[in-house]
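Engineer: If you want the building blocks of each chain, they are given just below.
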Amino acid sequence: MAHPAQMGFQDAATPVMEELLHFHDHALMIVYLISTMVFYIIVAMVTTELTNKYILDSQEIEIMWTALPAIILVLIAMPSIRVLYLMDEINDPHLTIKAMGHQWYWSYEYTDYENLTFDSYMTPTQDLTPGQFRLLETDHRMVVPTDAPIRVLVSAEDVLHSWAVPSLGVKMDAVPGRLNQTAFIASRAGVFYGQCSEICGANHSFMPIVVEAVPLEHFEIWTAMMMEDV
Amino acid sequence: MLKTVLKQLKSHPALIPLFIFIGGGATMSMLYLGRLALKNPDCSWDRKNNPEPWNKIGPNDQYKLFAVNMDYSKLKKDRPDF
Chain A
1 MAHPAQMGFQ DAATPVMEEL LHFHDHALMI VYLISTMVFY IIVAMVTTEL TNKYILDSQE
61 IEIMWTALPA IILVLIAMPS IRVLYLMDEI NDPHLTIKAM GHQWYWSYEY TDYENLTFDS
121 YMTPTQDLTP GQFRLLETDH RMVVPTDAPI RVLVSAEDVL HSWAVPSLGV KMDAVPGRLN
181 QTAFIASRAG VFYGQCSEIC GANHSFMPIV VEAVPLEHFE IWTAMMMEDV
Chain B
1 MLKTVLKQLK SHPALIPLFI FIGGGATMSM LYLGRLALKN PDCSWDRKNN PEPWNKIGPN
61 DQYKLFAVNM DYSKLKKDRP DF
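Those protein sequence lines, which keep their order, are chains A and B.
So the first sequence is numbered by UniProt numbering: it starts at 1 and just counts up by one.
So the second sequence is numbered by UniProt numbering: it starts at 1 and just counts up by one.
Treat the hints with care, since some could be wrong.
Claimed, not checked - If you want a taste of the chain A side facing chain B, the calculated C-beta under 7 Å gives, among others:
hint : residue
1    : Q59
2    : T66
3    : A70
4    : M78
5    : R82
6    : Y85
7    : E89
8    : P93
Unchecked claim - The following label-pair restraints were derived from C-beta to C-beta distances:
hint : chain 1 : residue 1 : chain 2 : residue 2 : range
9    : A       : M225      : B       : L38       : 48 to 54 Å
10   : A       : I71       : B       : P53       : 35 to 41 Å
11   : A       : T223      : B       : L36       : 38 to 44 Å
12   : A       : A67       : B       : Q8        : 15 to 21 Å
13   : A       : T129      : B       : L38       : 55 to 61 Å
14   : B       : L38       : A       : K98       : 31 to 37 Å
15   : B       : M1        : A       : E62       : 21 to 27 Å
16   : A       : L135      : B       : S29       : 41 to 47 Å
17   : A       : A148      : B       : S29       : 36 to 42 Å
Read the hints as simulated data drawn from the structure, not as lab findings.
All C-beta atoms, glycine included, are put in the ideal place defined by N, C-alpha and C.
Could you build the full structure based on these sequences and the hints that come with them?
Structural biologist: Here is the structure:
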């Protein structure tokens, strides 16, 4: 989850999010370098006492400031395209979960083997126990096994929603009448928080998503327990 | 038209990288658009001879431009044959 005064991304929990993080570092470094250089040039121009009223043109510098930005753009584009295609790869999922958006909660359906369906409502602030996060906790978490490609099919039952979990590098719009697919591999165990990312009414800010990644044996224990309760 | 441009280029050689990068960029975009138009299985151009190309992709086909981390030929085919 995000922490106060956080400036960067949340820690990555999937390989795709790691790649996005590294690409962002690369692109941001280029942006910082260009901005610093431009700011330095501005300050130098403003504070100099030298003048030359007879410069008309200069072919060499024009070649430089055409070729260099083009090369920089190519250097940004190559990793960008790579991450873009990486995000779209179809990776033979072990498990398919359907995340359905409602006003104002998510419901998860694990229907590969058994018929496991449950709703996930936000824990109201007055019901929080010490250590829990305000407006982020839910009564039921979406539990997934680690190191397994998971396919999430996202849709909505009423209005537009969006299923987003920043640590997993996942955001997919939930459109009523449409099935959107996204996938991720949780590379470490943990609890990952996200919030609905498409305005959907009065409680749009109060329908969070919690994904809990656990080793496979624990995932199987959890599914058995959920099937008993439901 | 071309002769005028070439004459101007001789006195302003700084324009040469401009032509190269803009020309290269435009060419690459057009080539990619052409590839999308012709080889993308999502759209049907010839309703008589090839009405639904999206039904013809096999489970192992790679239809995107390139694959970063995935060997599509090794993908398991676990759906029923028709």
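Engineer: Could you run down the list of hints and mark each one as holding or not?
Structural biologist: Here is how each hint holds up against the structure:
| no. | hint | in the structure |
| --- | --- | --- |
| 1 | Q59 | holds (4 Å) |
| 2 | T66 | holds (5 Å) |
| 3 | A70 | holds (4 Å) |
| 4 | M78 | violated (12 Å) |
| 5 | R82 | holds (6 Å) |
| 6 | Y85 | holds (5 Å) |
| 7 | E89 | holds (5 Å) |
| 8 | P93 | violated (11 Å) |
| 9 | M225(A) x L38(B): 48 to 54 Å | holds (53 Å) |
| 10 | I71(A) x P53(B): 35 to 41 Å | holds (38 Å) |
| 11 | T223(A) x L36(B): 38 to 44 Å | holds (42 Å) |
| 12 | A67(A) x Q8(B): 15 to 21 Å | holds (19 Å) |
| 13 | T129(A) x L38(B): 55 to 61 Å | holds (59 Å) |
| 14 | L38(B) x K98(A): 31 to 37 Å | holds (35 Å) |
| 15 | M1(B) x E62(A): 21 to 27 Å | holds (23 Å) |
| 16 | L135(A) x S29(B): 41 to 47 Å | holds (44 Å) |
| 17 | A148(A) x S29(B): 36 to 42 Å | holds (38 Å) |
Comparing the model with each earlier hint shows violations of hints 4, 8; every other hint is respected.
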